[in-house]
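Colleague: Below are the chains, spelled out letter by letter.
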Amino acid sequence: MNAHANEKSQIPRDDYLWDRSGFPDPEIQRLESLLAEFRHDLDHPLVLPATSLPAPGAPSFLRFLQKGWVFPPTRRLAAAAVILLAIPTSLYFTLRSHNAPPATAYGWNVASLQGSPQIGTQILSANRSAGKLHVGQTLTTDSTSRASLSENDLGEIQVEPDSRLHLLQSAPDRKRIRLDVGTIHAAIWAPPTQFVVDTPSAVAVDLGCAYTLQVAPDGSGTIRTTIGWVGYRLNGRDSFIPAGAMCSTRPAHGPGTPYFEDASPQFREALANFDNAQRSDPTVAKQLDIILRDARPKDSLTLWHLLSRTTGPARVQVYGRLAALTPPPPGVTRGGILQLDPHMLDLYWNAFGLGDISIWRFWEQSSSPNASPSP
Amino acid sequence: MAALFELGSPRPGLLPVTSADSPSTSDHALVRSAQTGDRAAFGLLYSRYARMVHGILLTRVPPADAEDLVHDVFLQALPRLAALRDASKFPAWLAAIARNRATDFHRRAKGETPLDENSDAADPASSHPAERHAPYANAEAHAVLSAIRSLPDAYREPLLLRLVEGMTGPEIAARTGLTHGSVRVNLHRGMQQLREILGRRASPASSGDL
Numbered sequence: 001m002n003a004h005a006n007e008k009s010q011i012p013r014d015d016y017l018w019d020r021s022g023f024p025d026p027e028i029q030r031l032e033s034l035l036a037e038f039r040h041d042l043d044h045p046l047v048l049p050a051t052s053l054p055a056p057g058a059p060s061f062l063r064f065l066q067k068g069w070v071f072p073p074t075r076r077l078a079a080a081a082v083i084l085l086a087i088p089t090s091l092y093f094t095l096r097s098h099n100a101p102p103a104t105a106y107g108w109n110v111a112s113l114q115g116s117p118q119i120g121t122q123i124l125s126a127n128r129s130a131g132k133l134h135v136g137q138t139l140t141t142d143s144t145s146r147a148s149l150s151e152n153d154l155g156e157i158q159v160e161p162d163s164r165l166h167l168l169q170s171a172p173d174r175k176r177i178r179l180d181v182g183t184i185h186a187a188i189w190a191p192p193t194q195f196v197v198d199t200p201s202a203v204a205v206d207l208g209c210a211y212t213l214q215v216a217p218d219g220s221g222t223i224r225t226t227i228g229w230v231g232y233r234l235n236g237r238d239s240f241i242p243a244g245a246m247c248s249t250r251p252a253h254g255p256g257t258p259y260f261e262d263a264s265p266q267f268r269e270a271l272a273n274f275d276n277a278q279r280s281d282p283t284v285a286k287q288l289d290i291i292l293r294d295a296r297p298k299d300s301l302t303l304w305h306l307l308s309r310t311t312g313p314a315r316v317q318v319y320g321r322l323a324a325l326t327p328p329p330p331g332v333t334r335g336g337i338l339q340l341d342p343h344m345l346d347l348y349w350n351a352f353g354l355g356d357i358s359i360w361r362f363w364e365q366s367s368s369p370n371a372s373p374s375p
Numbered sequence: 001m002a003a004l005f006e007l008g009s010p011r012p013g014l015l016p017v018t019s020a021d022s023p024s025t026s027d028h029a030l031v032r033s034a035q036t037g038d039r040a041a042f043g044l045l046y047s048r049y050a051r052m053v054h055g056i057l058l059t060r061v062p063p064a065d066a067e068d069l070v071h072d073v074f075l076q077a078l079p080r081l082a083a084l085r086d087a088s089k090f091p092a093w094l095a096a097i098a099r100n101r102a103t104d105f106h107r108r109a110k111g112e113t114p115l116d117e118n119s120d121a122a123d124p125a126s127s128h129p130a131e132r133h134a135p136y137a138n139a140e141a142h143a144v145l146s147a148i149r150s151l152p153d154a155y156r157e158p159l160l161l162r163l164v165e166g167m168t169g170p171e172i173a174a175r176t177g178l179t180h181g182s183v184r185v186n187l188h189r190g191m192q193q194l195r196e197i198l199g200r201r202a203s204p205a206s207s208g209d210l
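Here the protein sequences come in this chain order: A and B.
Note that the numbering used here gives residue 246 to position 246 of the first sequence, counting from 1, and the numbers run on in steps of one.
Note that the numbering used here gives residue 210 to position 210 of the second sequence, counting from 1, and the numbers run on in steps of one.
Source of the hints: derived by calculation from the structure; they are not laboratory data.
All values reported here derive from a predicted model rather than from experimental measurement.
Hints should not be assumed to be uniformly reliable.
[Stated by the list, open to error] Residues from chain A that face chain B, not an exhaustive set, calculated with beta carbons under 7 angstroms:
| no. | residue |
| --- | --- |
| 1 | Leu46 |
| 2 | Ile123 |
| 3 | Asn350 |
Every residue, glycine too, gets a C-beta built ideally from N, C-alpha and C.
So here's chain B without its partners, still in its complex pose (with noise of 0.2 angstroms):
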């Protein structure tokens, strides 16, 4: 058991000396690395990434689902690593996985039943019997989320990993392989709408300059 502990450990002196160290190493070069067997260039993608591959999930899930399939989607990212010849669309390529992983999360929820134009999956922001009972006390975020999760794709995903998960729109470009062009216009048309469905909603719970 001493010895698996030891595995687990973050301390230097255990990790492999690779080039996919360093903080500046960029991403097509951690992809490369990842792709001959270099598990700690993975590792340093799953912490750039992550982030990224919350976020897109968390516009089509759940909350208390988001976190478990940020993982199921690096394990499915892992073994098809290889056959993608382009490191540089390492990102699109994530963000599809990850989308197609909470339609697949969908689509198992309703006992394997082919989608349809009234599915789940097709209006993320239906009501999935895990959400009705997420453990969230937070009533007004949980409304605020939602309305997020209503407007566009090419709106929401931007919005929510700013305003979520923290990232800057450069970050976001950086992550999801889009121009700075293209995310700056969906966030302002994003946080927009976002701004006119808040002011639409007269919930008790907002404190009115919503």
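Isolated chain A, as found in the complex (with noise of 0.2 angstroms):
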């Protein structure tokens, strides 16, 4: 049977995932039917409490009064029983907020893993093993100093010796810190994009994920991601490093191309090579053929990368392998990809699985002014 033969043969049972439409596909009816056991709960309620929708002008909880506790569906009792308890818990907040200082003044908890951290002048030791460290305080260890760094709302960052941080942003939705030098371990559960960290030669954005960033006394960096992805900029060149991934950034320079580290040594040679020539170099031509020879599906994210770090027939060239290990998505065509067209690169990452892209313009759109590094 022909390829094409086959392809037509497939369309009812992909028309039925799909929609629904089409000739039912009986494994996906028995695999619908065995997994309707763990459906979300249709009556499953959401219950709020009464301070948590903050309405311009109105006390929140007259407006609790007038607007009510209406989610559908309801189950009244469980939402009676919430009720209850967010009353006396609400009140609590609202008049604890009147007299409540700034939340930048708690501070982030520090604790020292080893050695003698210090936060500004003071010294962690063993009597006393913690701290805060507060917006505008720097926190710093010496070659035999570890410490963690810890918010509730955005999670726990090691810090490994020889390493100097500043605290630049502790707002409830933007937290910001500067690396000057040394090594992080970030694990962040705060909501993507609220977590980004100044160095010398890029921004490091948090898209939900764990990394470990290094930033060397010559300002250079490297980043490697374990979990989620993370965004890497430097005057509007991005780069996005998704677990398993690691990226080297450059002051001036900005982010190289980031690449599996699980890639050939040949590939990654290159890839370094081709990273740190000028463009005029003749030697770029042979770097991206190895590039692309060696090239997996899986390294599809160093190729959607070098589409913009290319031209002319380099970058038809990139896109011919990139085609090939992995398809565009309907909507992507070879002409807008070899234009650069955004909105079709934004396609072909998404379409790559690794994250989703509009995470990423969300947060350039909303803090692109301050997206630059530090000095």
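Using the hints, put the two standalone chains together into the complex.
Modeller: Written out as structure tokens, the structure reads:
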């Protein structure tokens, strides 16, 4: 049977999978029935605390009475029980908030893991192994010290020896530190884009992940992602680093091309040479040949980034290999990609399944004025 | 107490008159209304997106915990909603919160220890203690769920939303903010991989046609 006939024979099955139209696929029907026990309980109510939706100009308690607790569908007894608990809680927080200092005044928790980390001039020691890092303060570790930094709504950051970082911002929806030098391991549970790290050669934006970020004394850096993905930016040059991948960055130049760490040594070496070479360097074409030759389907990550880092025939070459490894999704055309159509590039990225790029676009839109690295 | 029951009543007479009440109201309008404190609008967003959130959670946490975590996700989203500048990003934004909540669930389950590459969160298909004792009698259903959870991220979410939550491809696209093309491709490839996995398994509970 030829490929066309195969394709035709699969159309009804795909249609049923897509929108239940066409000829029902008995296997999919069986799976639907089998898995129905895990389905979301549509009768499960959502009950909100009274102070959770502050509307401008109206006291929350009055809004609570006015708006009601109506969420479809409602289990009244459960809702009433939660309401009874929520009222005193919300009153406590409402009253507390009037006299409470700004959230930033509480600082982030710092604990010594080893040696004597330093917050400003305060040295953490065996007698006092914990402290607070406030906005504007610096946390420093020497060659024998390690520390952990945590914030309830953010996550935890381990600070390795010979590191220096500053807490720049600690707003409810935006946390920002500057890592001058050293190594941090970040495990972030705040929503994506809320945690940003400035470094001398790039800004690292958490997109829902755990990662390790290193900054060398000369300002260059590397990032390795273990869960989720991270955005790395300098002056509009972006790199996205998903789990299992890494990326280097240099001052003034910005993020290099990310790659999966299990790529072949030849691939990695050629990519490093490509990133470090001037575009006029005659060896660049040879390096690109090696990269494209050794690329695996998962290395579409690297090739996608190379699209915007090549021009002319080199870009055509990159696209050809990328399209062979990961066929372009519907809505993406060769011409559009070669012209670096932003929408098509985004569609292509999303087809890799490494993370939804709209999250990054959201961050770009909301934070681009602040997206420059530290001096 | 009676007054509290009245507050919990879904009777239309007790609902505030709001533009969010129409089923045809766009998500964009609902997000905007919710951002200004309209609880009914947020309730409608919940009713529209709870299945998506549940499906995303179910790819990462034990079924017994997913339902409660749906509630947590919406409670986390609520105070942060005002910071969402582009209402059209709401689906992706909410999905990201759900994924983070699942990661947090595993992190807490491991006693606040830092994540590493071998953690449960890094491998959602791994066996969580709560899952090992899940009160589901249907071993075959669990085996299939486990197989779906072993698929790559991009495939397991749409496939689970389709097969477990009963959403169609267009619904998944609308709720996740992805394009029809992406969802269709991922559903197709995910289903292909699922068939391969199930075909390889020789489970005694299987009827043989999986």
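Colleague: Each of the hints needs a verdict: does it hold here or not?
Modeller: Tested hints:
{"no.": "1", "hint": "Leu46", "result": "holds (5 angstroms)"}
{"no.": "2", "hint": "Ile123", "result": "violated (24 angstroms)"}
{"no.": "3", "hint": "Asn350", "result": "holds (5 angstroms)"}
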